[in-house]
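Novice: For reference, the chains in residue letters:
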Amino acid sequence: MSAQPVSHSVSSPASGGSSLLPFVVLAVCLIIGPSLIYPVFLMKALCFAMFACAFNILLGFTGLLSFGHAAFLGMASYSSAHAAKVWGLTPELAIAFGTLVAMALGTVIGMLTIRSRGIYFANITLAFAQMVFFFCLQAKFTGGEDGIQSVPRGSLFGLISLKSDMAMYVFVAVVFFITFLMIYRIIHSPFGQVLRAVRENEARAISLGYKVEQYKLAAFILSATLTGLAGSIKALVFQLASLTDVTWQMSGEVVLMTLLGGVGTIFGPAVGAFVIVSMENYLAELGSWVLVVQGAIFVLCVMTFRRGIVGTASYYWHKRQQG
Amino acid sequence: MFEILGITSQALFGQLLIGLINGAFYAMLSLGLAVIFGMLNIINFTHGALYMIGAFVAWMLLNYLGVGYWWALVLSPIATGTLGVLIERFMLSRLRDLDHLYGLLLTFGLALIFEGLFRQKFGSSGLPYRPPAELTGGTNLGFMFLPNYRAWVISFSLVVCLGTWYAIEHTRLGSYLRAATENPALVQAFGINVSRMITLTYGFGVGLAALAGVLAAPIYQVNPLMGSNIIIVVFAVVVIGGMGSILGSIITGFALGVAEGLTKVFYPEASSTVIFVIMAIVLLIRPTGLFGRST
Chain A
1 MSAQPVSHSV SSPASGGSSL LPFVVLAVCL IIGPSLIYPV FLMKALCFAM
51 FACAFNILLG FTGLLSFGHA AFLGMASYSS AHAAKVWGLT PELAIAFGTL
101 VAMALGTVIG MLTIRSRGIY FANITLAFAQ MVFFFCLQAK FTGGEDGIQS
151 VPRGSLFGLI SLKSDMAMYV FVAVVFFITF LMIYRIIHSP FGQVLRAVRE
201 NEARAISLGY KVEQYKLAAF ILSATLTGLA GSIKALVFQL ASLTDVTWQM
251 SGEVVLMTLL GGVGTIFGPA VGAFVIVSME NYLAELGSWV LVVQGAIFVL
301 CVMTFRRGIV GTASYYWHKR QQG
Chain B
1 MFEILGITSQ ALFGQLLIGL INGAFYAMLS LGLAVIFGML NIINFTHGAL
51 YMIGAFVAWM LLNYLGVGYW WALVLSPIAT GTLGVLIERF MLSRLRDLDH
101 LYGLLLTFGL ALIFEGLFRQ KFGSSGLPYR PPAELTGGTN LGFMFLPNYR
151 AWVISFSLVV CLGTWYAIEH TRLGSYLRAA TENPALVQAF GINVSRMITL
201 TYGFGVGLAA LAGVLAAPIY QVNPLMGSNI IIVVFAVVVI GGMGSILGSI
251 ITGFALGVAE GLTKVFYPEA SSTVIFVIMA IVLLIRPTGL FGRST
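First to last, the protein sequences are chains A and B.
According to the working numbering, the first sequence is numbered sequentially starting from 1.
According to the working numbering, the second sequence is numbered sequentially starting from 1.
Just so you know, these hints were derived from the structure itself, not from any lab.
Treat the hints loosely; a few may be bogus.
Claimed, not checked - To give a feel for the contact side, a few chain B residues facing chain A, derived at Cβ under 7 Å: (1) H100; (2) L101; (3) L112; (4) T273; (5) V274; (6) I285; (7) R286; (8) P287; (9) F291.
Glycine included, every Cβ here is placed at the ideal spot set by N, Cα and C.
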């Protein structure tokens, strides 16, 4: 039984007439955000938004469901924390190091998994992520259950101190905006078009002469790298790298964010990340109910709301415009 | 008494026994996953949670109703299996025409709900569950001490696994099942209600998970986290064995449990990762798993 691909809901994500407006709105939100909301919370949401956008390159635009993205987030977060704390690197170098580690890990895991498809792919990436989890649990440099604590934020290029939350926020917001534009650019490049062709009909893409496996691998590595960027920054924001980032629940959470926001949409994952992070914030005192609510959102999204927030919005928007 | 590489035979056989016990649970759980995967083409992420529920039903039967182990061994799989039937009937069946990844995501969400609910009610520390009086004590085999309950778990799960294998490969019902896996439309045309068969298959797989849960209750404590702790390892077992192979999942389940136990003896640091390392190696050599068919 062949079936609709996961991202069926948005057949042409922002195709053709892309407008500048959403990006302006995004920039304005980023600028006025900290005057309305606590900056640390905003930074957390932005890190997860970056994570979800990176993840969406795979799920939304290549049609691959990875259930092991926590491995990249966590390893990058440990690496950049280690680089900043033990080696005393400046933040940009620590982040670059963490990102590179995620990229390397992504290359290795990608080469091992990319030949598998669908459910197999999900399952195998999950197992590899779990391997990374046990490695982090036992390795010396990660500090086991304690993690790496009180990581110094340091000074950007050795000049600008990131100690205050506001300075850190500006840095995170700028990196987020650039990453977001970059992902948008990549998705709409010829490379992105091939990825979408792979998602829609892999056999046809092969018969058209594309080396599909290489494209998929490239998408995987790209996604892992940007996930690593999010993880590295997160470690500096919270001055902490811990096991939470490597658990399989984290891999599930990013799927949830993407699904809720809208698989295969540009803004969906960011919106989903915002909703989930704020939900966790408000429900934090309720303990295990967070799990129940997350699960319930999952079930609702899958059963009745497969387009996600942004997907649904753009569906009705286009419908109205067409008359 | 003898020693290999400075390890006493007692330690060796002790770990071997633990490995076999773990292997028994891996085998039963991956068998259920394989059966479900064969019919529904989804990886049942709720499997771990349902295994946990199976153990909790046994615990609740004992503590709320005073119903003992032997009845729990029957009632808990039936109750949990019924829950599985409801899940299939009202949720999974509506996703049949969509990408199978949605099924995976749905079962993942359900797993979160179940785990969250039980953690909310029972906390995350374990609750004790005593083995039945008939199976307490143990036998001295000369080279090691074998607790009776563990011997029972290993032999009973072997019987269940091989029974399931026999039922699927060598009975009429099993042949319907295999035929429906290959070509549901054709089997439907022969007048067999494939839809109901899918539902019941799911219920059966869930029942197996619950049965494993009841068996596990006296060994590990009954704990809301017991499902998510084991399920990821079982996924790796399924990948190694090859998806959908019944006998393959049984053999790999036991073998990997033993491999894990032996690693604990000779190189304890690697004991939690060894299965994943084996998985990586198997994937490099045989991407479809040891017993899997190519897709």
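Novice: Each hint needs a verdict: does it hold in this structure or not?
Specialist: Evaluated hints:
no.: 1; hint: H100; verdict: holds, 6 Å
no.: 2; hint: L101; verdict: holds, 5 Å
no.: 3; hint: L112; verdict: holds, 3 Å
no.: 4; hint: T273; verdict: holds, 5 Å
no.: 5; hint: V274; verdict: violated, 10 Å
no.: 6; hint: I285; verdict: violated, 11 Å
no.: 7; hint: R286; verdict: violated, 11 Å
no.: 8; hint: P287; verdict: holds, 5 Å
no.: 9; hint: F291; verdict: violated, 14 Å
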